[in-house]
Amino acid sequence: MRKAIVALMCVLALMGMGVPANADPAPSSTVSITPATVAPGAALTFSVTLSNADADPLKGGKLGLGVANGAINQLLDVSTCALCYQAGNTIRYDVGDVPINGSKTFTFTIGVFASAQLGQYVIEHQFVGDNYSYETVEGPTVTVSR
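Residue numbers are given in numbering that gives the first Met the number 0: position 43 of the sequence shown equals residue 42, and the series is strictly consecutive.
A hint or two may mislead.
Said to hold, decoys possible - Pairwise CB distance ranges, derived in the manner of DEER restraints:
| hint | residue 1 | residue 2 | range |
| --- | --- | --- | --- |
| 1 | Asn88 | Leu117 | 15 to 23 Å |
| 2 | Asn100 | Pro39 | 35 to 43 Å |
| 3 | Gly40 | Tyr131 | 32 to 40 Å |
| 4 | Ser114 | Thr140 | 15 to 23 Å |
| 5 | Asn130 | Ala67 | 22 to 30 Å |
Claimed, not checked - Straight-line alpha carbon distances no greater than 20 Å define the calculated SDA-like cross-link-like pairs of lysine to any residue that follow:
| hint | residue 1 | residue 2 |
| --- | --- | --- |
| 6 | Lys103 | Thr44 |
| 7 | Lys103 | Val30 |
| 8 | Lys58 | Pro26 |
| 9 | Lys58 | Ala86 |
| 10 | Lys103 | Pro56 |
| 11 | Lys58 | Tyr84 |
| 12 | Lys103 | Cys80 |
| 13 | Lys103 | Gly138 |
| 14 | Lys103 | Pro26 |
| 15 | Lys58 | Lys103 |
| 16 | Lys103 | Val47 |
| 17 | Lys58 | Phe105 |
| 18 | Lys58 | Val47 |
| 19 | Lys103 | Gly59 |
| 20 | Lys103 | Ser132 |
| 21 | Lys58 | Tyr92 |
| 22 | Lys103 | Ser50 |
| 23 | Lys58 | Leu82 |
| 24 | Lys58 | Thr104 |
| 25 | Lys58 | Ile99 |
| 26 | Lys103 | Ala52 |
| 27 | Lys103 | Thr29 |
| 28 | Lys58 | Asp129 |
| 29 | Lys103 | Ser31 |
| 30 | Lys103 | Tyr84 |
| 31 | Lys58 | Pro98 |
| 32 | Lys58 | Thr135 |
| 33 | Lys103 | Leu82 |
| 34 | Lys58 | Ser132 |
| 35 | Lys103 | Tyr131 |
| 36 | Lys103 | Thr48 |
| 37 | Lys58 | Asp96 |
| 38 | Lys103 | Ala54 |
| 39 | Lys58 | Thr48 |
| 40 | Lys103 | Asp53 |
If you're looking for bench data, these hints aren't it; they were derived computationally from the structure.
Fair warning: this is a prediction, and the values are worked out from it, not measured in the lab.
Built from N, CA and C at the ideal position, the CB exists for glycine as well.
Construct the entire structure; sequences and hints are all you get.
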C-alpha cells in the first residue's frame, strides 16, 4: 500500500498536479522617489530596498539606476551624489554583500540637471552583484516641470 501511495505521488508530481504553483517572486529592488514632480536643477530623494531571495549570498551588491531610453545623462547629475558613480548608462550605489534572504534599505539624494528637458522619465533599477544580478525593474516615473 505504501509503495502505491509513493508511486501515485510521483505520478502527480510529474504531471504537475498536487505541486503548488509558485507565485511570482517579489521584485529584488524597489525604489520610490520624492518629489514625483521636480523642476530642472532641483534634487530627488531615492528610497531603495534591495532584497536577495537567491540560494547564495550576493557579493558586491549595488543598485543600478537608469532611465528608459538611455536618458540617464539627460536627467540625473551623478556628481551631486557623494556615494554614487557612473557605470556605462547607469548610476551605481554600492551596498556590499547581501546574505540569503537578506535586504539592504537606504536613502540618497541626487540632483536633476538644470538643462533637463521637461517631461516624464521612467526610472529603471536593478540589483547588481559581482556573482549574479537580478532583473531590471521599471518605475517609478519622474516628471520634470517648471
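Right, here's what the structure says about each hint:
Take asparagine 88 and leucine 117: their Cβ atoms lie about 22 Å apart, and the range 15 to 23 Å holds. Taken as a hint, the range 35 to 43 Å holds for the pair asparagine 100 and proline 39, whose Cβ atoms sit roughly 41 Å apart. A hinted range of 32 to 40 Å holds for the C-beta pair glycine 40 and tyrosine 131, which are about 38 Å apart. As the Cβ distance of serine 114 to threonine 140 is approximately 20 Å, the hint placing it in 15 to 23 Å holds.
Between asparagine 130 and alanine 67 the C-beta distance comes to about 27 Å, which sits within the given range of 22 to 30 Å. In summary, the hint linking lysine 103 to threonine 44 is supported, as the alpha carbons are separated by about 17 Å, within the 20 Å threshold. Annotation: proposed proximity of lysine 103 to valine 30 holds, straight-line Cα distance about 12 Å (limit 20 Å). Proximity of lysine 58 to proline 26 is assessed by CA-CA distance (about 18 Å); at most 20 Å being required, the pair is judged to hold.
With a CA separation close to 18 Å, the supplied pair lysine 58 and alanine 86 stays within the 20 Å bound. A C-alpha spacing of about 13 Å is found between lysine 103 and proline 56, which places the hinted pair at or below 20 Å, so the restraint holds. Of the supplied pair hints, the one linking lysine 58 and tyrosine 84 holds, its CA atoms being roughly 18 Å apart against a limit of 20 Å. Distance hint between lysine 103 and cysteine 80 is fulfilled; the C-alpha atoms sit about 18 Å from each other, no more than 20 Å.
Restraint check for lysine 103 and glycine 138: satisfied, since their Cα atoms lie roughly 19 Å apart, inside the 20 Å limit. For the given pair, lysine 103 sits about 13 Å from proline 26 by alpha-carbon distance, which is consistent with the 20 Å threshold. Straight-line distance between C-alpha atoms of lysine 58 and lysine 103 comes to about 13 Å, which keeps the hinted pair within the 20 Å bound. Distance check on the hinted pair: lysine 103 and valine 47 sit about 8 Å apart at the alpha-carbon level, within 20 Å; holds.
Using a Cα cut-off of 20 Å, the hinted pair lysine 58 and phenylalanine 105 holds, with the two alpha carbons roughly 18 Å apart. As the CA atoms of lysine 58 and valine 47 are separated by approximately 18 Å, the hinted pair is consistent with the 20 Å bound. Between lysine 103 and glycine 59, the direct Cα distance comes to roughly 12 Å. Compliance with the 20 Å bound is thereby established for this hinted pair. Straight-line distance between C-alpha atoms of lysine 103 and serine 132 comes to about 15 Å, which keeps the hinted pair within the 20 Å bound.
Simply put, lysine 58 and tyrosine 92 have alpha-carbon atoms about 14 Å apart, close enough for the 20 Å limit, and the pair holds. This hinted pair checks out: lysine 103 and serine 50 have alpha carbons roughly 7 Å apart, not beyond 20 Å. With a C-alpha separation of about 18 Å, the suggested pair lysine 58 and leucine 82 falls inside the 20 Å cut-off, and the hint holds. Under the criterion of a C-alpha separation no larger than 20 Å, the hint pairing lysine 58 with threonine 104 is consistent with the structure, at around 16 Å.
Restraint check: the Cα-Cα separation between lysine 58 and isoleucine 99 comes to about 11 Å, which is no more than 20 Å; the hinted pair holds. Straight-line distance between C-alpha atoms of lysine 103 and alanine 52 comes to about 12 Å, which keeps the hinted pair within the 20 Å bound. For the given pair, lysine 103 sits about 11 Å from threonine 29 by alpha-carbon distance, which is consistent with the 20 Å threshold. A threshold of 20 Å between alpha carbons decides the hint, and for lysine 58 with aspartate 129 the separation of about 5 Å falls inside it, so the pair holds.
Among the hinted pairs, lysine 103 with serine 31 is consistent with the structure: their alpha-carbon atoms are about 14 Å apart, no more than 20 Å. Only pairs whose Cα atoms come within 20 Å are accepted, and lysine 103 paired with tyrosine 84 is accepted, the gap being roughly 19 Å. For the hint linking lysine 58 to proline 98, the alpha-carbon distance of about 8 Å falls within 20 Å, and the restraint holds. The straight-line distance between the Cα atoms of lysine 58 and threonine 135 is roughly 18 Å, inside the 20 Å bound, and the hint therefore holds.
Of the pairs offered as hints, the one joining lysine 103 and leucine 82 holds, with about 15 Å between alpha carbons and a cut-off of 20 Å not exceeded. For the suggested pair lysine 58 and serine 132, the alpha carbons sit about 10 Å apart, so the restraint of at most 20 Å is met. Taking the CA atoms of lysine 103 and tyrosine 131, the gap is about 16 Å. The hint holds against a cut of 20 Å. Using a Cα cut-off of 20 Å, the hinted pair lysine 103 and threonine 48 holds, with the two alpha carbons roughly 6 Å apart.
Only pairs whose Cα atoms come within 20 Å are accepted, and lysine 58 paired with aspartate 96 is accepted, the gap being roughly 4 Å. Restraint check for lysine 103 and alanine 54: the C-alpha separation of about 17 Å stays at or below 20 Å, so the hint holds. For the proposed pair lysine 58 and threonine 48, the alpha carbon gap of about 16 Å is at most 20 Å, so the pair holds. With a C-alpha separation of about 14 Å, the suggested pair lysine 103 and aspartate 53 falls inside the 20 Å cut-off, and the hint holds.
In this structure, none of the earlier numbered hints is contradicted; all agree with it.
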